[in-house]
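Novice: Given only the sequences and the hints, what does the whole structure look like? Please build it.
Per my numbering, numbering through the sequence shown is continuous, rising by one, with the last residue being 270.
Incorrect hints may have been included.
As the list claims (entries may be wrong) - Calculated lysine-lysine pairs in the DSS-like style (CA-CA distance at most 27 Å, straight line):
1) K205 - K148
2) K148 - K225
3) K148 - K65
4) K225 - K88
5) K65 - K88
It is worth saying that the hints were derived from the structure and are not from the lab. Predicted model only: the values in this text are computed from it and were never measured.
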Amino acid sequence: MQVVSYIAVMIGAYLVGSIPTGYLVARAKGVDIRTVGSGNIGATNVFRFLGKPAGIFVLVFDGLKGFAACAWFVDGVAKIFAAPPGDEVYLRLVAGLAVVLGHNYTCWLRFKGGKGIATSAGVLAGIVPVALLIILSLWIILFSLTRYVSVGSLAASFTLPFATWFTTKNWTLTLVTGAMGVLAIYKHKGNIQRLLNGTENHGAGSGRLGYGAGEIAARKPTQRDVVGARPPAR
Numbered sequence: 037m038q039v040v041s042y043i044a045v046m047i048g049a050y051l052v053g054s055i056p057t058g059y060l061v062a063r064a065k066g067v068d069i070r071t072v073g074s075g076n077i078g079a080t081n082v083f084r085f086l087g088k089p090a091g092i093f094v095l096v097f098d099g100l101k102g103f104a105a106c107a108w109f110v111d112g113v114a115k116i117f118a119a120p121p122g123d124e125v126y127l128r129l130v131a132g133l134a135v136v137l138g139h140n141y142t143c144w145l146r147f148k149g150g151k152g153i154a155t156s157a158g159v160l161a162g163i164v165p166v167a168l169l170i171i172l173s174l175w176i177i178l179f180s181l182t183r184y185v186s187v188g189s190l191a192a193s194f195t196l197p198f199a200t201w202f203t204t205k206n207w208t209l210t211l212v213t214g215a216m217g218v219l220a221i222y223k224h225k226g227n228i229q230r231l232l233n234g235t236e237n238h239g240a241g242s243g244r245l246g247y248g249a250g251e252i253a254a255r256k257p258t259q260r261d262v263v264g265a266r267p268p269a270r
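Specialist: Below, the structure written as C-alpha cells:
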C-alpha cells in the first residue's frame with residue numbers, strides 16, 4: 037500500500053499542478069495568453085496584459101495548487117491508503133515536486149506551462165514556511181530596488197536551498213527545495229538572456245494588450261502572427 041500511496045500522490049499532484057490557470061483565465065477574456073508578451077501562462081504575463089484582477093487571481097490560484105497538493109491532497113491519500121505517519125513528510129515532498137512539474141509542464145498544453153514560482157511558493161508554505169518568508173522578503177527587496185520581477189524570482193530561487201538548510205537543518209528538505217530552485221532558474225533562461233541583453237521588461241505592467249521591447253525582441257512569430265499579418269501597402 038505504501039507504493040500505491042506514492043504513485044497516487046505523484047499522479048494526483050501532477051494533475052492538480054497541470055491546471056493551466058493563466059491560460060484558462062485569459063481564454064475567458066478572449067485572449068490566448070501564449071501569443072502575447074512572453075508567451076508564458078504564469079501570473080506575471082497575465083498581470084501585464086490582462087490587469088490586476090486577473091493577475092492576482094492567477095497568482096493566488098497557482099499558489100493554492102501547490103499548497104493543496106502537498107497538504108490537503110496528501111492528507112487525503114494518507115488516510116485512504118493508511119500510510120504510516122512517518123511517510124507523510126516524504127509524501128508531501130513527492131507531491132511538492134510533482135505539482136510544480138505539473139504546472140511547468142502541463143499535459144493540457146503540450147507540456148508547455150509556467151515557471152512555477154507561485155506554485156512553488158504554495159508548496160513551501162506547506163513544508164518550509166519560514167524559509168518561504170526569507171526568500172519572499174528577498175524577492176520584495178530586489179523587486180523594489182530593480183523593478184524586475186525576474187531578478188527577484190531568480191535570487192529567491194537561488195537562495196531557497198540555503199534558506200531551507202538555515203531554518204531546518206534537514207538535508208532531505210534542502211535537496212528537494214534545491215531541485216525546485218534549479219527548476220525555477222532553468223525556466224527563467226529566457227529572462228536571464230533578456231537581462232544580459234538589457235531588454236527585460238520592468239515591473240508587472242499595467243494590464244495592456246501589447247508588447248514590451250524585450251518581449252518583441254525575444255518572442256518568435258507564431259502562426260497567428262503570420263496568418264493575421266496585413267500585406268504591405270503598395
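Novice: For each hint, tell me whether it holds in the structure or not.
Specialist: Hints, one by one, checked against the model:
1. K205 - K148: Measuring from Cα to Cα gives roughly 34 Å; hence the hint is violated.
2. K148 - K225: It holds: about 14 Å lies between the C-alpha atoms, which stays within 27 Å.
3. K148 - K65: The hint holds at about 21 Å.
4. K225 - K88: holds (25 Å)
5. K65 - K88: Distance of about 14 Å is within 27 Å: holds.
The earlier numbered hint that this structure contradicts is number 1, and it is the only one.
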